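Protein chains in written order, with the working numbering: chain L, 1 to 101; chain R, 1 to 287.
Hints may be right or wrong, so weigh each one.
Result set (SDA-like, lysine to any residue): computed pairs, CA atoms no more than 20 Å apart in a straight line [claimed, not checked]:
| no. | chain 1 | residue 1 | chain 2 | residue 2 |
| --- | --- | --- | --- | --- |
| 1 | L | Lys96 | R | Asn43 |
| 2 | L | Lys82 | R | Val255 |
| 3 | L | Lys96 | R | Cys204 |
| 4 | R | Lys89 | R | Lys53 |
| 5 | L | Lys92 | R | Lys89 |
| 6 | L | Lys92 | R | Glu66 |
| 7 | R | Lys53 | R | Pro34 |
Residues from chain L that keep clear of chain R, each with C-beta distances beyond 10 Å, as calculated [what the hints assert, rightly or not]:
| no. | residue |
| --- | --- |
| 8 | Arg20 |
| 9 | Ala42 |
| 10 | Leu80 |
| 11 | Glu91 |
None of these hints come from the bench; they were simulated from the model. Owing to the predicted nature of the structure, the values given are computational and were not obtained by experimental measurement. Ideal Cβ placement from N, Cα and C applies to all residues, glycine included.
Listed here are the chains, written in short residue letters.
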Amino acid sequence: MKRSLALAMLLTLSLAPSARAANEADYKAAYAAAEAASKEAAGMRNQWTVTVSALAAAKKAADGGDFDRAAAAAREAEALAKASIFQATSEKEAWKAMEIR
Amino acid sequence: MKQRATVLLGSAFVALATLAFAATRVVAADKVDPVADARAFQNFFFQKFPNVKHEDFVNGPYSMNEDMKRQWQEKEEFPPYEFALDAGKEMFSTPFKNGKTYADCFPNGGIGIRQNYPYFDEKEGKVVTLELALNRCRETNGEAPYSYVKDEMASLTAYMAYTSRGKPMDIKIPDDPRALAAYENGKRYFYTRRGQMNFSCASCHVQSPGERIRAETLAPALGILNAMPIYRSEWSGMGTTSRRFVTCNSQTRAVPLEPQSDEYRDVEYFLSYVANGLPISGPGARP
């Protein structure tokens, strides 16, 4: 019984970090990654409006001290920017399939 | 032994010949051929809409729907772009501070020349659109350039288009590799998917003309610029070609490029070239 209790506590403690609220450092790391991907997309002339909006939402939430929401928005911005980079890369050849010949 | 060598040599020769033939075909498929492109582009629409008169494609959604066409024809009695036309005519003839006018910047005094724009400027090595040429004219004469997406530019181009009404689009691609590259770049831009919606210009205006996207009936790509600039009820005002490109990009959730960027100039070149022979109908009116 004692042993199962200890195991349960260990398990709870091991899971605890994944459920903790995001802090400023988490937000800053997520924002930096999103910003880098967003810049790459803009450099490819394929920025999406939703990426820009998600980055702005992240900044706004962080300014208000809501780092949970800020980090989530930054991660969304990064995912969107990466999708736009993938689109620009694949369209380098894929556009030809749409051409009227 | 000798027979075996002959067979081997023969096989190698056939393999080499096949390879060379295949390579030629790949090169041929990638060769830039605007004349063939324009023929294929026009035939695609003529075959897709066999009941639409060829010169009617320039009327956009009205060529796709009889009811809309009748409403538009009635509206043309008192067209919503009329105020822009009057303003454009006045602006066009009003001298700059230095006494010169727009007429001094254009061939034939700027009258009846819309069908020749955009053109490829071999000196600059780039495409020059009518909107760009108008602003360059202003700057050369000491005036501040107009916004490419606002009323003044729309009014000026409306007047110039009106003086060309009925004239067939006549875009030239000079024998210059830079002109061919600009044309090809415009074509690539037209067919490339962008934005979160993953739409290209062709997704709406090649694959779905005549279909509805929400309340709008999509216009065919063929002759789509012949009606520019346009009064759009949706905008409650006039819009230039630049404004049309910017809005299209935003609608796909792509961040628009800056007006008169190389890509927009090139796509205007491509779309105008493949509409060669179709009449200028601008200024137009759209829902």
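Of the numbered hints stated earlier in the document, which are not met by this structure? Numbers 4, 5, 6, 7, 9, 10, 11 - these are the hints that the structure violates, sorted from lowest upward.
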